[in-house]
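For the protein sequence lines, the chains are A and B, in the order given. For the first sequence, my numbering gives the first residue as 1, with consecutive numbering after it. For the second sequence, my numbering gives the first residue as 349, with consecutive numbering after it.
Among these hints, one or two may not hold up.
[Stated by the list, open to error] Estimated spans, in silico, between C-beta atoms of each pair: (1) 458/B / 46/A: 39 to 45 Å; (2) 676/B / 25/A: 51 to 57 Å; (3) 29/A / 659/B: 32 to 38 Å; (4) 277/A / 453/B: 55 to 61 Å; (5) 195/A / 394/B: 57 to 63 Å.
Bear in mind the hints are in silico, worked out from the structure with no lab data behind them. Every value quoted in this text rests on a predicted model; they were computed, and no experiment measured them. Just so you know, even glycine gets a beta-carbon here, dropped at the ideal spot from N, CA and C.
2 protein chains.
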Amino acid sequence: MKGNVQKKPQISELGEFGLIEHLTKGIKLINPSSKKGVGDDAAVLEYPDKQIVVTTDLLLEGIHFNLIYTPLKHLGYKAAVVNFSDIYSMNARPKQITVSLGLSKRFALEDVDTLYEGIYLACKNYGVDLIGGDTSASVTGLIISITAIGESGKNDLVYRDGAQINDLICVSGNLGSAYMGLQLLEREKTIYEEDPTTQPDLSGYDYILNRQLKPEARKDIIEILGDLEIKPTSMIDVSDGLSSDLLHICKNSKVGCKIYQDKIPIDQSTIAMVNEFHLDPVIPVLHGGEDYELLFTIPLKLHDKINSLSQVSLIGHICKEEEGRYLITTQGSSIELKAQGWNALKDT
Amino acid sequence: MKGNVQKKPQISELGEFGLIEHLTKGIKLINPSSKKGVGDDAAVLEYPDKQIVVTTDLLLEGIHFNLIYTPLKHLGYKAAVVNFSDIYSMNARPKQITVSLGLSKRFALEDVDTLYEGIYLACKNYGVDLIGGDTSASVTGLIISITAIGESGKNDLVYRDGAQINDLICVSGNLGSAYMGLQLLEREKTIYEEDPTTQPDLSGYDYILNRQLKPEARKDIIEILGDLEIKPTSMIDVSDGLSSDLLHICKNSKVGCKIYQDKIPIDQSTIAMVNEFHLDPVIPVLHGGEDYELLFTIPLKLHDKINSLSQVSLIGHICKEEEGRYLITTQGSSIELKAQGWNALKDT
Numbered sequence: 001m002k003g004n005v006q007k008k009p010q011i012s013e014l015g016e017f018g019l020i021e022h023l024t025k026g027i028k029l030i031n032p033s034s035k036k037g038v039g040d041d042a043a044v045l046e047y048p049d050k051q052i053v054v055t056t057d058l059l060l061e062g063i064h065f066n067l068i069y070t071p072l073k074h075l076g077y078k079a080a081v082v083n084f085s086d087i088y089s090m091n092a093r094p095k096q097i098t099v100s101l102g103l104s105k106r107f108a109l110e111d112v113d114t115l116y117e118g119i120y121l122a123c124k125n126y127g128v129d130l131i132g133g134d135t136s137a138s139v140t141g142l143i144i145s146i147t148a149i150g151e152s153g154k155n156d157l158v159y160r161d162g163a164q165i166n167d168l169i170c171v172s173g174n175l176g177s178a179y180m181g182l183q184l185l186e187r188e189k190t191i192y193e194e195d196p197t198t199q200p201d202l203s204g205y206d207y208i209l210n211r212q213l214k215p216e217a218r219k220d221i222i223e224i225l226g227d228l229e230i231k232p233t234s235m236i237d238v239s240d241g242l243s244s245d246l247l248h249i250c251k252n253s254k255v256g257c258k259i260y261q262d263k264i265p266i267d268q269s270t271i272a273m274v275n276e277f278h279l280d281p282v283i284p285v286l287h288g289g290e291d292y293e294l295l296f297t298i299p300l301k302l303h304d305k306i307n308s309l310s311q312v313s314l315i316g317h318i319c320k321e322e323e324g325r326y327l328i329t330t331q332g333s334s335i336e337l338k339a340q341g342w343n344a345l346k347d348t
Numbered sequence: 349m350k351g352n353v354q355k356k357p358q359i360s361e362l363g364e365f366g367l368i369e370h371l372t373k374g375i376k377l378i379n380p381s382s383k384k385g386v387g388d389d390a391a392v393l394e395y396p397d398k399q400i401v402v403t404t405d406l407l408l409e410g411i412h413f414n415l416i417y418t419p420l421k422h423l424g425y426k427a428a429v430v431n432f433s434d435i436y437s438m439n440a441r442p443k444q445i446t447v448s449l450g451l452s453k454r455f456a457l458e459d460v461d462t463l464y465e466g467i468y469l470a471c472k473n474y475g476v477d478l479i480g481g482d483t484s485a486s487v488t489g490l491i492i493s494i495t496a497i498g499e500s501g502k503n504d505l506v507y508r509d510g511a512q513i514n515d516l517i518c519v520s521g522n523l524g525s526a527y528m529g530l531q532l533l534e535r536e537k538t539i540y541e542e543d544p545t546t547q548p549d550l551s552g553y554d555y556i557l558n559r560q561l562k563p564e565a566r567k568d569i570i571e572i573l574g575d576l577e578i579k580p581t582s583m584i585d586v587s588d589g590l591s592s593d594l595l596h597i598c599k600n601s602k603v604g605c606k607i608y609q610d611k612i613p614i615d616q617s618t619i620a621m622v623n624e625f626h627l628d629p630v631i632p633v634l635h636g637g638e639d640y641e642l643l644f645t646i647p648l649k650l651h652d653k654i655n656s657l658s659q660v661s662l663i664g665h666i667c668k669e670e671e672g673r674y675l676i677t678t679q680g681s682s683i684e685l686k687a688q689g690w691n692a693l694k695d696t
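All chains, please: the whole structure from these sequences, using the hints.
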């Protein structure tokens with residue numbers, strides 16, 4: 001948030017209905033399943049031959065985001081995309097979202113427009129309709145609650161509980177970069193707070209900053225797997241960190257796992273940042289979270305098929321539950337996986 | 349909120365996943381359309397021959413509710429019911445909800461359990477499945493975001509934009525009671541704040557207090573209309589006040605209206621309270637809001653059919669847009685309807 005917002009138009013002049021009208025006036029519904037959007041007591045959908053998936057996320061200022069270094073447009077984009085990611089991780093496609101906002105007095109109409117620009121851009125990029133929502137004043141801070149609805153063919157859904165012994169564990173893209181982006185932003189914030197005349201030095205860090213501030217959901221991976229007729233046995237998106245999210249799969253599937261540190265994909269710029277911070281690289285990779293990569297398991301017989309994909313890494317395999325859940329480090333030692341992912345309830 | 353919450357179990361001991369597990373462990377899905385509920389990245393629904401309606405509401409402490417006089421169980425019940433009401437006002441039936449909570453430190457596990465008791469009771473009473481949600485810490489106050497999903501037959505939905513000239517305007521139950529309940533609670537709060545040794549005197553006011561603290565959605569009216577094969581031409585629930593909500597119908601339908609003060613149903617205990625507060629009775633009736641009664645229009649030819657229903661009052665008729673939108677008072681004067689309903693964005 002920039003300091004001087006007084007001269008911008010005031011939301012109170014519009015009122016709740018006026019604001020909703022203002023924010024949603026240009027909407028054109030693009031999905032056949034979106035029958036009626038904003039403007040009545042409820043939106044109307046129709047999914048005659050599909051299964052419908054529903055997910056919801058609550059994002060709170062001071063807990064999930066810090067407006068000191070998060071541009072509102074990026075925040076809107078990310079708020080939508082993290083919900084799309086949950087839909088993709090069911091092997092489904094996002095089609096609709098509702099957006100509810102709580103706005104404290106310090107937000108002007110222009111700010112809300114900027115936030116919505118990001119939401120609309122995400123909707124456009126992922127082919128999703130904004131079909132409803134709620135807008136309210138808040139006592140303090142910004143509140144964003146998004147519910148996303150998606151579709152899949154009747155037998156296409158992939159759950160967390162289907163991993164089988166000997167399945168391969170796969171992950172898309174690379175891990176730890178969003179976490180290192182956050183560390184960088186936090187460091188620059190601290191420097192700025194100590195001396196507000198300094199300018200944050202963020203040049204050359206575009207990749208990890210983008211991963212933190214403007215993540216993408218792996219729509220492309222779902223499409224590639226579909227084209228190759230690979231249906232994972234289980235899948236989740238890496239939002240809380242590899243360790244926590246892989247444990248979700250293992251617990252729900254009642255299996256163990258073994259993953260190998262040297263197989264876990266990590267970007268060069270992430271490694272550089274890890275070194276700059278003198279961190280153990282295991283931390284961002286296992287517990288970083290917010291990468292929104294897809295973590296999934298496939299039968300061993302699909303090894304060659306999946307191995308041909310440059311966007312996917314094989315990082316280990318599923319074993320019996322009694323064999324435990326371990327990371328084998330580059331040095332050959334075993335670390336038991338623990339749910340140390342980002343936990344908004346413990347943070348405050 | 350009671351004062352001493354320190355000795356209750358702490359939510360932080362459970363963590364986010366533990367809390368969700370704790371809150372949802374007893375759930376049994378009852379609707380055939382609910383295929384999979386809490387426990388994966390998304391819930392799964394199936395609606396082969398139906399239209400689906402989706403609505404969402406964000407409730408914020410200090411804006412929409414005051415925990416000084418709102419018991420948490422009532423709050424949970426109301427938070428769910430107001431969403432069901434939006435579904436009924438589409439002439440649909442609620443089937444699923446997702447519940448997201450933001451919890452500040454002062455809430456103990458017992459508090460959240462009590463809130464959920466109310467949500468589950470509402471779900472039970474209305475035949476709705478809780479299928480998902482999100483739980484987070486909040487910096488200040490309690491945040492409740494609910495999305496409700498409902499179903500209707502393909503041609504059964506009723507929108508706000510179908511009112512026709514000469515249609516009768518109908519409302520269920522009575523109006524203004526929730527507003528007078530709120531006035532009473534606010535008065536007793538002020539008295540208590542001035543002298544904390546006083547006990548609030550709420551005896552004999554059960555009806556209006558219940559209307560404010562534990563409203564019901566008019567499921568019964570939707571069932572009766574269905575049984576009588578009456579499909580309204582337009583419908584909305586009275587959440588912002590008769591004036592605001594009737595204006596929504598008129599604006600969306602591009603029509604005018606005339607309603608009569610002496611036809612508007614008002615309960616005896618509401619009148620008594622209006623007199624005690626020396627209020628103009630037009631205020632709670634037109635602008636009170638939160639009654640969650642159904643306001644709808646039907647063709648003139650259904651006059652006798654609707655007139656036989658004790659739960660429904662005929663309060664006026666739809667006219668041409670150029671004739672305006674007016675309340676005719678008991679004294680015979682005309683008051684132009686204005687959207688002065690409760691506006692959470694202007695309040696703060």
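So, going through the hints one by one against the coordinates:
| no. | hint | verdict |
| --- | --- | --- |
| 1 | 458/B / 46/A: 39 to 45 Å | 42 Å, holds |
| 2 | 676/B / 25/A: 51 to 57 Å | 34 Å, violated |
| 3 | 29/A / 659/B: 32 to 38 Å | 36 Å, holds |
| 4 | 277/A / 453/B: 55 to 61 Å | 30 Å, violated |
| 5 | 195/A / 394/B: 57 to 63 Å | 58 Å, holds |
The structure fails to meet hints 2, 4 from the earlier list, while all remaining hints are met.
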